[in-house]
Amino acid sequence: MAAPRAFLRLVAPIWNGSTRSIHGLSGEMAPEGNQRKRTLLQLLTDCFRDVEALREYLLQKQLSNVHQKNRSFTHIEEQYGPYIGGAFFILKQGGAVKFQDKEWIRPDGRGRFPLEFLKFQAVPVEAVDASGCAINYQGLDNLLSMKELQSLSLKRCPHVDDWCLSHLHPLANSLQELLLAGCPQVSERGLACLHHLQNLRRLDISDLPSVANPGLTQILMEEMLPNCEVLGVDWAQSLKLELEEQPRDTA
Amino acid sequence: MLRTVLQLGLARNLLIRGVGTRRGGSTQDWDGQVSEIKKKIQSVLPGGSWNPLHDSNHLPPEHSDVVIVGGGVLGLSVAYWLKKLEKQRGAIRVLVVERDHTYSQASTGLSVGGIRQQFSLPENIQLSLFSVNFLRNINEYLAVVDAPPLDLQFNPSGYLLLASEKGAAAMENNVKVQRQEGAKVCLMSPEQLQKKFPWINTEGVALASYGMEDEGWFDPWCLLQGLRRKVQSMGVLFCQGEVTRFVSSSNTMKTVSGGEVTMKRIHEVHVKMNNSLEYQPVECAIVINAAGAWSGQIAELAGIGKGPPGTLQGTKLPVEPRKRYVYLWHCPQGPGLETPFVADTSGAYFRREGLGNNYLGGCSPTEEEEPDPGNLEVDHDFFQNKVWPCLAQRVPAFETLKVRSAWAGYYDYNTFDQNGVVGPHPLVVNMYFATGFSGHGLQQAPAVGRAVAEMVLEGHFQTINMNPFLFSRFYLGEKIQEQNII
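Residue numbers (this note's numbering), protein chains in the order written: chain D, 778 to 1028; chain W, 3 to 488.
Please note: incorrect hints may appear among the correct ones.
Unchecked claim - With a straight-line cut-off of 27 Å between C-alpha atoms, the simulated DSSO-like cross-links for lysine-lysine are: (1) K896(D) - K838(D); (2) K274(W) - K308(W); (3) K846(D) - K932(D); (4) K197(W) - K924(D); (5) K924(D) - K40(W); (6) K178(W) - K404(W); (7) K924(D) - K168(W); (8) K388(W) - K404(W); (9) K838(D) - K924(D); (10) K266(W) - K924(D); (11) K838(D) - K879(D); (12) K308(W) - K318(W); (13) K838(D) - K481(W); (14) K404(W) - K168(W); (15) K86(W) - K846(D); (16) K186(W) - K197(W); (17) K838(D) - K875(D); (18) K481(W) - K168(W); (19) K318(W) - K838(D); (20) K318(W) - K256(W); (21) K197(W) - K318(W).
As the list claims (entries may be wrong) - Stretches of chain W that chain D covers, calculated by requiring three or more beta carbons in the stretch to come under 8 Å of a beta carbon on chain D: (22) 135 to 147; (23) 363 to 377; (24) 420 to 434.
Treat the hints as calculated values from the structure; they're not laboratory data. Fair warning: this is a prediction, and the values are worked out from it, not measured in the lab. Beta carbons are placed, not taken as given, at the ideal position from N, Cα and C, and that holds for glycine.
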């Protein structure tokens, strides 16, 4: 039986005065107001053990689905080498791959892709476009053996988080372009460990909802990676908004 | 008519006398009994003082299979793994007894929150590697239906340990062991160090080891609340109270050589409510000592250490509270976003906090300078005299800094060899320890919880071999010294 949830609404203690803002309340503390607006499903989950068990099972199934999508194709990797293995993985996820001196290979609308790249055994992979794919920390292992990867696009990937960014350091010698726009789980803490990538020339950190202070983060990233062009906050857009507001004020 | 009444009255008297004699004590005091009955009826009616259903919501249950003394991160981790590894759903009843539900003095909440794999013992490295895996997948392990996902605020910036000439050979050795176990650590020379971190002053540094991945710091309070939430949804009961007594039974046996051994078994745990004399005896099968800085007191309650010194009965649990200070300062020209958790050759350490050029740091005092652990008052002179000079020498930018605030917390310090105590006591057979980690308990908590749960459920350690961490090493004198203590 689920024990009564009486102790969940604990306030963070105030013994360390001003540092409370640092060890602040994490997002999982629901305020009192939410308690009243419980849905029928939540009410059923609280009352019936069967409903709770079913929902737990569905949650675990969701998580294992992501694991399934990120499994490695070891037989392909053993047979054809790391480049083909990684390329196959990306194509299976719905991303695109570009081998050196060849064209981009993309899967079509139905998820099928041409298999002629299986002949490119010694050709290194130059660029990977994994935008919108369900790639996560384990899936990135497939990319880390591509030692000549120059461009990696992880735009709008829902499972790419700070841990994944810290996992990219083996690509430091070759990676020149990294696009992270729109990843919901990437924060400034993960961006801080991108300083391993000393050859980075182009970094896109625009539209990251988890970054608390985008402008300050961009300045700190530019200081950290002096040779890199950091695309983040659109300063021109905020300037235009100010100009529009001014005539209204004076009028 | 009077005669019939009298007859009835006599008959009633006879009946009452009969009932009285059946009970064995005849009462002729009819008036006294009537007044008593009248008082009882008055108290039962609304407005009276009779309360047959005592409210015992605040008391722990009368029976529990496992009682965990201490509700910090180690205690909750043991509770989680006990419920996760039990063979059948609901097979084990677990009760967590925590004295202070605001955790105002608990080491978990006051911790700086670092996690590293740069240890010298292979077991410590393995514990840390598993714990980092746990933290990475925390939303799978601690998933609760209808609850928002946990944001640990993990900073994967790594640890940078600096070594002088004296410690360079040991550091090289350690890094070799760490890499063998699978940690991603690299060695750096002073030149490489200067190039990578220009704000550092490499004078006196012969070698540095830098963790590239899986090291950093996180929010310990979030981990604690996540564990609480998950563990409550799994059916573990919580109680706010203090353990004051263990009721145990002893069994004396003779060894082969003729000496006598007294084995003890704890049957009941007396949990006393706060601010009251009320207590509840909880009948239990297993007691887990995860009381952190106060583990020594709990062990004494169980009779550990009461015997002639030098014998197994006389070996105390050598865990005592040691006070450590943490200072928060602001330095506008300080190191940038890439700053790792730096541990200097002098023992001083610091790390970044947030985006606003704030830094947290401190230093472990030497044995002679140990502060009095009676309270958690902060000594600011310690920063001025011992911490600041070391920091300013290593990072010249720290010469101009301004201390914003400070706090103090306890290490559950193992005076024997500064490593944890895990597993059962050889004589008090159903008390298991999960304490004494001397400052690296938080980062090893998930793995240690699993080890203790395996020991309780299976009888031996299955995944990580923690046999060197058993209590018997205090009697046998086998120290497992950890060199990299911060």
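Hints and how they fare:
With a C-alpha separation of about 37 Å, the suggested pairing of K896(D) with K838(D) is violated against the 27 Å cut-off. A hinted pair counts as satisfied when its Cα atoms are at most 27 Å apart, and K274(W) with K308(W) qualifies at roughly 23 Å. Only pairs whose Cα atoms come within 27 Å are accepted, and K846(D) paired with K932(D) is accepted, the gap being roughly 18 Å. Among the hinted pairs, K197(W) with K924(D) is consistent with the structure: their alpha-carbon atoms are about 24 Å apart, no more than 27 Å.
Note on K924(D) and K40(W): the hinted pairing is violated, with a Cα-Cα distance of about 94 Å set against a maximum of 27 Å. For the suggested pair K178(W) and K404(W), the alpha carbons sit about 39 Å apart, so the restraint of at most 27 Å is broken. Simply put, K924(D) and K168(W) have alpha-carbon atoms about 38 Å apart, too far for the 27 Å limit, and the pair is violated. At roughly 16 Å between alpha-carbon atoms, K388(W) and K404(W) fall within 27 Å of each other, so this suggested pair holds.
Under the criterion of a C-alpha separation no larger than 27 Å, the hint pairing K838(D) with K924(D) is inconsistent with the structure, at around 34 Å. In summary, the hint linking K266(W) to K924(D) is not supported, as the alpha carbons are separated by about 61 Å, beyond the 27 Å threshold. The hinted pair formed by K838(D) and K879(D) fails the criterion: a straight-line CA distance of about 39 Å is larger than 27 Å. Only pairs whose Cα atoms come within 27 Å are accepted, and K308(W) paired with K318(W) is accepted, the gap being roughly 8 Å.
Our distance criterion of 27 Å between C-alpha atoms is broken by K838(D) and K481(W), whose separation comes to about 46 Å. For the given pair, K404(W) sits about 33 Å from K168(W) by alpha-carbon distance, which is inconsistent with the 27 Å threshold. For the hint linking K86(W) to K846(D), the alpha-carbon distance of about 26 Å falls within 27 Å, and the restraint holds. For the given pair, K186(W) sits about 20 Å from K197(W) by alpha-carbon distance, which is consistent with the 27 Å threshold.
Restraint check for K838(D) and K875(D): not satisfied, since their Cα atoms lie roughly 33 Å apart, outside the 27 Å limit. Our distance criterion of 27 Å between C-alpha atoms is met by K481(W) and K168(W), whose separation comes to about 22 Å. The straight-line distance between the Cα atoms of K318(W) and K838(D) is roughly 48 Å, outside the 27 Å bound, and the hint therefore fails. Taking the CA atoms of K318(W) and K256(W), the gap is near 23 Å; set against the 27 Å cutoff, the hint holds.
For a cut-off of 27 Å, the pair hint linking K197(W) to K318(W) is broken: about 50 Å separates their Cα positions. Figure legend: the stretch 135 to 147 of chain W, annotated as covered by chain D; annotation consistent (4 residues with Cβ-Cβ distances under 8 Å, at least 3 required). Residues of the stretch 363 to 377 of chain W lying with their CB closer than 8 Å to a CB of chain D number 0, which falls below the three-residue condition for coverage. With a cut-off of 8 Å between beta carbons, the stretch 420 to 434 of chain W has 0 residues touching chain D; three or more are needed, and the interface restraint is violated.
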